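Quick note, the sequence shown lines up with residues 2 to 491 if you use the numbering used here.
Keep in mind the hints are simulated off the structure, nothing from the lab. All figures in this text were calculated on a predicted structure; none of them were measured in a lab. Glycine is no exception: its CB is placed at the ideal position from the N, C-alpha and C atoms. A hint or two may mislead.
[Said to hold, decoys possible] Across the chosen pairs, the derived CB separations fall in these ranges:
#, residue 1, residue 2, range
1, S41, P258, 46 to 56 Å
2, D293, R430, 55 to 65 Å
3, N179, Q265, 19 to 29 Å
4, A319, G350, 19 to 29 Å
5, K487, R250, 47 to 57 Å
6, N179, E291, 37 to 47 Å
7, A319, S62, 31 to 41 Å
8, G455, D300, 56 to 66 Å
9, G116, P258, 49 to 59 Å
10, K61, G263, 48 to 58 Å
[Claimed, not checked] Mimicking DSSO-like on lysine-lysine, the simulated pairs with C-alpha atoms at most 27 Å apart in a straight line are:
#, residue 1, residue 2
11, K487, K34
12, K153, K108
13, K73, K386
14, K416, K330
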Amino acid sequence: MLKKSILYFILPTVLLSADLSREVTTELSPSPKLAAALDSLISTPLLRHAHIGAAVYSQKSNTSVYSFNADKSFLPASTMKLFTTAVALQTLGEDFTFQTQVYLHGKSKDGCFTGDLVVKGDGDPTLTWYEGRSDSTSFNRLAAQLKAQGIKKIQGRLIGDDNVFDEQALGWGWGWENELYSYSAPIGGLSVNQNCLGVLVTPAKAVGERCNVRLIPAVRRALIDNRCVTVSDTASAHFQVFRTRGSERITLEGQFPIKHPGDQRTVTVLNPTLHTVDVLRCALTASGIEVDCDIFDIDELYGFHYASYAPFFIHESAPLADIVWEINKNSNNLAAESLLKTLGYELYGRGTAESGVAAIESWCRKNGIPMEGVSLVDGSGLSRKSYLTPDSFIKLLYVMRADSAFYCSLPISGKDGTLSHRLGDATCRGRVHAKTGTLEGVYALSGYIDAVNGEEWIFSLSINQAPSSRARIYDLMNRFCMMLIKTEVQ
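I would like the entire structure built from these sequences, with the hints used as guidance.
Here it is in structure tokens:
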């Protein structure tokens, strides 16, 4: 049975004078017609087996105007990122940056450096990100600086230090079946290229031969099991890539016609730290520096310390405002999880998800955001153990409306991000600024709507346990937004 809901609309108020206007409070009048329309929409047979919650709030009057199961708990999917990014901006500041430092300890003679090169991570999820996800521009700058010091060869050890974060590489409640995919990339205190590896496959020169495989970048740690064959032009192309759980073994299966241009896939790596120093080795070699080094995670070197070393090279990330833009516009899970652990490290000295969650919960309580029915375990919403309520989203969005970095990070209907292909008609385009969320059976949308009547609505819509197709659910959610956009004062 549907819970009773009601929607109010702002009515014009006659102001007797400019002085008196400060004392006039906006009166609201119910609109049963629209309330009934929204109730009818979310009670459609399409959702008869689903768990649904919705809330609409007037930004101008600071008043709740529609509520349906708004105090109930829902899986938020990627709308969880609204909480992570909001608290990060408010706590760390939009100008906060990550700093990845490189240390040298050893001796140089005749152009050869012998010793340790240590890369110390700061939790930056964007290393090489802004320069291009498949290259290593940041490391190329390091190579240039080494060459400027006359270093032509490095022999010894390349060491990665990821200890700013704990060793929990995957979020609590993440599905093991997703580990292969980039949206479930492992979390690390030292990361590069989104902790993913490109796999490019092209046909060989003769039918029956194994296809050619190229890793991007050409790291050494990955083990390739190539079962992909070249076939005649009359055959179809198909291709799959797998990484064996708990290993760096990558298996390729499929076939490519001999004249096919080939295809590229992305696969996650097992160990972000070792992958990062492996990518560094590739970048140094490509720059012309000879590298005769083994690679290590600092945890493998018992008793190794370098606190007294001076940093040789520092890479500074883009400011937090830019990182939040990427997280919310394009729903970047790795960046959101890194931000969660960074909150824990910066506030409590512990780079763990638990400490990050504690930071979010503390900020929410201080800002009056209702936490009843809320349970948080990750920063991206990929977990099925995090729960939020529409009411908690409404309050968060109300508190954050004045934060321009937060508002500008939200996808815009018909224009960019995950809303670029939704609500793009002339009336709706550009009027919805909201974060999307999608998991299997889970759909969510929370943000702001600029109505044609001049009102700005804050809204949150959550649908869980929805067995219907994604396209049909998206259409229903779009219609929910359209009703609010096109509503006229009655």
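Hints, verified against the model:
1. S41 with P258: 46 to 56 Å: holds, 52 Å
2. D293 with R430: 55 to 65 Å: holds, 57 Å
3. N179 with Q265: 19 to 29 Å: Holds, at about 20 Å.
4. A319 with G350: 19 to 29 Å: With Cβ atoms ~25 Å apart, the hint holds.
5. K487 with R250: 47 to 57 Å: holds, 54 Å
6. N179 with E291: 37 to 47 Å: Holds, at about 39 Å.
7. A319 with S62: 31 to 41 Å: Check passed, 37 Å falls within 31 to 41 Å.
8. G455 with D300: 56 to 66 Å: holds, 58 Å
9. G116 with P258: 49 to 59 Å: holds, 51 Å
10. K61 with G263: 48 to 58 Å: holds, 55 Å
11. K487 with K34: holds, 13 Å
12. K153 with K108: At roughly 13 Å apart (the allowed maximum being 27 Å), K108 and K153 satisfy the hint.
13. K73 with K386: holds, 15 Å
14. K416 with K330: Since the Cα atoms of K416 and K330 sit roughly 11 Å apart, the hinted pair holds (cutoff 27 Å).
Of the numbered hints listed earlier, not one is contradicted by the structure.
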